[in-house]
Structure formats: C-alpha cells, structure tokens
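Colleague: The chain contents come next:
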Amino acid sequence: MSSFGSLGDPAATFVLTGARVLDPLADADGIGDLAVADGLLVDPASAPSDAPRVDGSGLVVGPGLCDLHVHLREPGMERAETIESGARAAAHGGFTTICAMPNTDPPLDEPARVAMVLDRARNRACRVRVIAAATRGREGERITEVGELAGMGIAGVSDDGSVVASARVARGLLAYLAPLGLPLIEHAEDPALASGSVMRSGETATRLGLAGWPASAELSIVERDIALADETGGWVHFTHLSTEGGLNAIRRARERGVRVTCDVTPHHLALTDAWVAGWRGFAWEEPEGVAADPFGAPLDAALAYDPACRVNPPLSSRAEALALLAGVADGSIDAIATDHAPHPRERKGVEFGAAAPGMIGLETALSLGLAAVEAGRLELGRLLAALSTRPAALIGETRSLAVGAVADLVVFDPGARWLVDAPSLASTSSNTPLLGMELPGVVRLTVAGGRITYRDGLDAIG
Amino acid sequence: MLDVANGHTTRHRPTAGGVVVSWPEPSGAPATGWPHRHLLDVDQLTRDQLEECLDLAVEMRERRLRRETLDVLRGEVVGLAFCEPSTRTRVSFELAAEALGAQVVELPIDVSSVTKGESLVDTLRTLERTGVTTVILRHSMSGAPYLAARSVPVRIVNAGDGSHAHPTQALLDALTLRDALGSLDGRKIAIVGDIGHSRVARSNLHALTALGASVWLAGPPAWVRGFESWPGVTVADRLEDALADADAVMTLRIQLEREAGGGVPSLREYTARWGLDADRLAVAQTGAPVLHPGPTNEGVEITADLAASERSLIGTQVVNGVAMRMAVLALLAQ
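Heads up: the sequence lines are chains Y and X, in that order. Numbering-wise (the numbering used here), the first sequence opens with residue 12 and increments by one. Numbering-wise (the numbering used here), the second sequence opens with residue -5 and increments by one.
The hints are simulated quantities; they were obtained by calculation from the structure and are not laboratory data. The reader is advised that the hints may include incorrect statements.
Facing chain Y, a subset of chain X residues (Cβ under 7 Å, in silico) [stated by the list, open to error]: (1) L34; (2) D37; (3) T40; (4) S136; (5) G137; (6) A138; (7) Y140; (8) S157; (9) R196; (10) A216; (11) W224; (12) P225; (13) V229; (14) G257.
So these bits of chain Y aren't anywhere near chain X, every CB distance computed over 12 Å [what the hints assert, rightly or not]: (15) P21; (16) G41; (17) V209; (18) R218; (19) V301; (20) P305; (21) G307; (22) L314; (23) S411.
Label pairs and their in silico Cβ distance ranges [as the list claims (entries may be wrong)]: (24) Y:L430 with X:R41: 36 to 42 Å; (25) Y:A337 with X:P79: 32 to 38 Å; (26) X:P79 with Y:G268: 54 to 60 Å; (27) Y:R147 with X:P215: 51 to 57 Å; (28) Y:G256 with X:G309: 46 to 52 Å; (29) Y:A126 with X:T81: 30 to 36 Å; (30) X:S223 with Y:L430: 34 to 40 Å; (31) X:A216 with Y:P122: 46 to 52 Å; (32) Y:E266 with X:S80: 33 to 39 Å; (33) Y:A340 with X:E222: 30 to 36 Å.
The beta-carbon is built from N, C-alpha and C at its ideal position, and this holds for glycine as well.
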C-alpha cells in the first residue's frame, strides 16, 4: 500500500539499514545505514533507540529529486492537473522540489499571481517553486517586474511554450536579470522555422506526411541567446534541449565562459521520432520495424500517430537522443527536467496534428533514467546528479545526505518493475505513450524537508 | 521486442495515448479470406494482396460493363465522411458502394469543426450506433483514419488523409499502369510535382515499388527533399533525368496556394521548369503514358494538349477508380 504525506506533517524519525547510499555532493556511494531523527540526518549510532528500523537491502538512497520544469495547470486548467495532484505525482516520482512554469490561465506574470500559487502550494506533497513569466501576458514585449518577483523566491523567468521571440527583449531581460542571479529559461524555438510543424523533420515525418520541425529551429535561438548572454553577462538556461547542434553550441559557449546551462527531458533521451510511427523501443535499443526501415516497414495501426507522442519540442531522431544521453553522461547537460505537461483526454483523444503537445513525466522520469542505466548508457551517480543535486544548485537549493542536513531524499528499488497505467499515476492526467509498459525502478519513500511525502511499503516507518 | 540490457523486461502491449476504447480485432475473417479489416494505406498489403486487389478490380470493371447487379454489401450501410472538400473521390466511392448493394449515407461532418480536431471520434461513434458498418473517411490531417480505426468498431477506408496516404488512388493508378504496361516489374515511373505534400505520391511509392517498379521523383527541391533513402526511389536533380526512358509519367496537382510557402517562386516558374508537355516527354519511352490524379490545373503542371492526348490515361483512371473501390469494399467485407 502506498500513501502520501505533506510538508505540513510532523518530522520523520526512522533508520534504514543496509541500503546503497548514493550522495553525489560528497561523491559517496556505498552500502550503509541511514538514520533520520526529527527530520534531520543523524549518525545511525546515535539514532533514537525507539526509532522504527526497516531493512533497506536492495534499495538505493539518493538525494531528493528536483524538477526544473513542470506544468501544474493551476490556475486555469484544473481538470488536467492541480497543484495538489501535481505535487503528489512529484512525490510518487521521488521529487522533493518542482518548478512550476507560468503558462497558466491567467499566466504568472505579476507578483500577486505568483503569491497566490505559492500560497496554494504550501504544505503539499512537494516543495513548489515558481518560474515567473518573462514578459507580461507572455506576449514577448514588456518584461515582468522581475526585481520584485526575485524577492519572492522565484526560480527564474520564462515564457515557456514560446521563445522570447524578440532578440531586443531577450537582450534586455538578460541584462536586467544578470545582477539578480536569475536565469532566463528559454524555450528555444524559432517560431517561423517551427510554424505548422507537428513532429521532428526526418524520414519518419516524411513517411507519415507530417510537417517537420527542423533542428535549425532550436539552434538558431540557442546561438542568438548565447550571443546575448555573452554580451550582457546574463545567464541563459535552455530548457528541454532536443538537438545535438544546440548541445554543441552550449558546450562551445561554456568553454569561453558564457553563463549558459541546459536541461533535457527524459522523453528526449529515451524516446525517438519513430514512436510517432508506432515503434516502442528505447533510443538505446536496436531499432526494428519502422524504426529500422522508416519507409518500407508497415505502420502498426494500433500505435501509429499516437497523440500521446506529440510533444514540443518534438521527439528527436535516435542518433540525437543518444547524443543527448551522452551529454548527460559526460555532464555537459546540467539537468534532466520532465516538462511534465498534463492534458485532459479531450485535448489528446484527437487527430495527431490537433492534439495538444506535451506528455506527463514526473512519475516516469526516474524509471526512464534507470532504464538507461540498466542498458549501460549512464552511471547511476550521473543520473541522480542530473535529477537532484545539479538542478537543485541552479535554483539555490542543496541536496546532501551528510549527517546534520535536513532529510531530503528518495529511496527506490532499482530492480523492481511497475506497470505504467492510469490507476498507478497520481497525476490527474495520463497522457504518456508509456502507458501499458513495464518500467524499472519503484519509489519506496520520498522525504522532503524532513517529512515523509510518499511511502510504498516500508510499513514500519509509517 | 524490447529487451532492456539484462533481458528480463516483459512488456504489455501499450495502448495509444490511453484514449483507445476498443481495438477492433479482425475476428471472423476466414484463414483464406482477406486479412484486413480496414484499408488505411497500401503499406499494409503484401505484393500478392496488391495483385489480388488489382485482379478483383478488373473483374468488377467487367461485371459493371455487363451491368450485373452485385449484392456483396447488401444490408451494409456505408457512410461517406468527407471532412475535406472532394467531388470525384466521393462520387467514385458512392457509385462503388451502391453497385455492391450497400445503402450509402453522407455523414454530416462539419468541415470547419473537424479541422479544429474536435469531433471526429464523437461523430463516428454516434454513426456506428446508427448502423453504419463501413466509413469512407477523407480528412485534412495525416493519421486521422488510424485514430478512427482505434476508436470506433467499424471498417475504415482511408479516402485520403492530409499529406499521408490515398490508398485507393494508388491502387487505381497501379491498375491503370499495369493495364498499359503489362507489368510493373522493372519499369521506370516518374512522378513530378509536390511530392512532399502529396498523399497520392506517398501511397504510390508504396504500391509501385512493391509491384517491382523503380520510381523517380522530380520537382522543386523543397517538394522532393526527404525521399532520397526510400527503397526503390530516386530523387532526380533535373526533370529530364526523371523523364529519360521513363515507361510512364505521373504528374500531381499543384496546390495553387503553395506558391506562397516557398516551394517555388511563382507558378510561371514552376510551369517553365517542371510543367509537362509533349516536347519534354520526348526523352521518355515512345508513347509512355501520362497519369494525373485530377483535377488538373491545365497549363500549370500539364498542358491541355497533353492532358487531352491519346497518351493521357486520366479518363481511364476515373473509370478504374470505381472498379477499384468496388474491389476494396468487397474485400474488406469478406
């Protein structure tokens, strides 16, 4: 049985014995005991004698996960997700902090609206940080009151869903944000190049007769913003990076000292454009059928044109997904962020080209990462760093498993598998093409700010 | 199919987007009968099945000439769901269904709401409850027939979806070419025009290559790019390379509004570089026939003289269209 808690619950006290404790901040990885007393990590030897003890053998303990990019849909689209359901989905996925994007209805483009979301987010199953809109109404013209918003603890500003189309406005934002230490979080997509497209250009798009999104749509904005960040001293963060060209541009800019960071989604690492044609293998698996022979193989009528595979930016080719995965493995990609994008059924149960772009990701991110680890494409420590310590550092949080730190951690069984289906998900929505698949990695315990926010089994702790 | 490294992953068959209500099983089909419940594209057909379609269409054509009454669809209700303007394909299907004894109904689909993606599944579900057993679907969005086939337990015949497929057109083109050339094996067929946006071209690529032909594509770069690695297909840099020694030439209708999309600077320049006339065809095999899915923009992609010449099979294509659609409907009803 699984259950959810909240950040308003009493602080936790327990001892977990014999687990693999992986602490990227301390560069530590080993089997040991972990003790929490009144929400703080303590030396197991000095844990309270009456603290509940559970056997952690076979389990992994890592720092609490941190997601730089989620859509909580509140206010305005609560039938897709609410702050409460989104926070539960986060806790179920092992996350202890999520950053909510501002493209709600109305958008989070003024201090009162940000304050309202922060107020509604109090004492949920996960910490919720807000990313404020970069421009009023997300219209790309007048910048928001970033100074006052910075004082409210926002994680950055973004017009996500759209790029800041005007280079002049983007330049002004980067200059204004620089002394505040906040990033402009860019959805890098040239609107003219991407116009009308519904999937990534390439052989699969050609086969399917779907209008293609060229890689240059991302690269042209990445190069533009790098030039602007270089000139202004500002910090640009590219979210949901989806092209190898964009990643290489970021690597080059970083070498010459430009302040530039980036994240990639789990689905751009694990899924490929062949999924739109009905293939259901991960990027690192040997392509078969339509993935190996995009023109000749017959389409699987049950899975082709699945609207759940419509995302923006669109799923990349296999080669690019593997290049992005290599970017996580070598550390040049700072973070894995889900772009959790819930949609109600009526916006997805339509023709592919009419479907709202986006898929949910909070509850499957760790599992997709673990599938890459199982396949030998990624080290577990790198995965956890990209899901926790490194994104946390970008928004001014720390994640440590050292004695004395506030307990903020995830405990998961990397070998166990779970069936992704609608009842298994805490999200209000279930728009993911992973439905019906079995994935590795079951979260057993999430502890945020010393409180148990999610628990599956480990009954003695309850 | 999907082993993760250590090989113990087992997967349930995923469902599309969680929106699938029922995936209609192709139950009841006899082992020797037609194995497909729907016709979504010709890519699902083996070469033998393609030939079977063509052979049955020949038989249907003859029986229709003899004014025989057929009743293989007696008791069936065929719904025409044309979510995009069309005259010839709709009329062709209507005649085919009636010739097989079916009752035909026009489905009241509002073109404007469908382009917004609102009502397709809902409309089809309603109609299925009213007794429609086969839906002929024309839709402006690629893949719409797949959504329909997953969502509603009726037979779906794709009458053209977006830029993706137009299987009955490809079948009737294959029949027209087979009649004219004897066999498609080893033949060179040129297709000229906006391949990228053409459902007719895509389905023809599947059908013609499966029947043994090699297909050469020619047109403005933006309209032919991306097809280079399609097996059996060559993208020509110059029109004359595609036409040289071609056994047959097919040209496509130019969507007049595409001029603005950057494919060509002007229709005049398109005609000057890729328009078909008798002079250009001189490099093809002597008497090589010319096909066009219609309706033609005479004077743009083809001259009126050529379209009306004895090399033109445009009229034959229309005649074969009804016979081929009879064959398809009869096969699906098995």
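Colleague: Is the shortest C-beta separation between S136 (chain X) and chain Y less than 7 Å?
Modeller: holds, 4 Å
Colleague: Take a look at whether the Cβ-Cβ distance between A340 (chain Y) and E222 (chain X) falls inside 30 to 36 Å.
Modeller: Since A340 (chain Y) and E222 (chain X) have Cβ atoms about 32 Å apart, the given range 30 to 36 Å holds.
Colleague: Using 7 Å as the Cβ threshold, decide whether P225 (chain X) counts as touching chain Y.
Modeller: Holds - the Cβ of P225 (chain X) comes within 7 Å of chain Y, reaching about 5 Å at its closest.
Colleague: Minimum Cβ separation between V301 (chain Y) and chain X greater than 12 Å?
Modeller: With a cut-off of 12 Å, V301 (chain Y) comes too close to chain X, as the shortest Cβ separation is near 10 Å.
Colleague: Hey, is G307 (chain Y) genuinely clear of chain X, shortest beta carbon separation above 12 Å?
Modeller: violated, 5 Å
Colleague: Once the closest CB in chain X is found, is it more than 12 Å from G41 (chain Y)?
Modeller: Its Cβ never comes within 12 Å of chain X, the nearest being 23 Å, so this holds.
Colleague: Does the interface hint hold: is R196 (chain X) within less than 7 Å of chain Y, judged Cβ to Cβ?
Modeller: holds, 6 Å
Colleague: Is the Cβ of V209 (chain Y) more than 12 Å away from each Cβ in chain X?
Modeller: violated, 9 Å
Colleague: P79 (chain X) and G268 (chain Y), beta-carbon distance inside 54 to 60 Å?
Modeller: At roughly 58 Å between Cβ atoms, G268 (chain Y) and P79 (chain X) fall inside 54 to 60 Å, so the hint holds.
Colleague: Is the Cβ of S411 (chain Y) more than 12 Å away from each Cβ in chain X?
Modeller: About 31 Å separates S411 (chain Y) from the closest Cβ of chain X, which puts it past 12 Å; holds.
Colleague: Can you verify the interface hint for D37 (chain X): is its Cβ closer than 7 Å to any Cβ in chain Y?
Modeller: Since the shortest Cβ distance to chain Y is 5 Å, the answer is holds.
Colleague: Check the following: the C-beta atoms of A216 (chain X) and P122 (chain Y) are separated by a distance inside 46 to 52 Å.
Modeller: Roughly 47 Å apart at Cβ, these two residues keep to the hinted range, so it holds.
Of the numbered hints stated above, those contradicted by the structure are hints 3, 10, 13, 14, 17, 18, 19, 20, 21, 22, 25, 27, 29 and 32, listed in ascending order.
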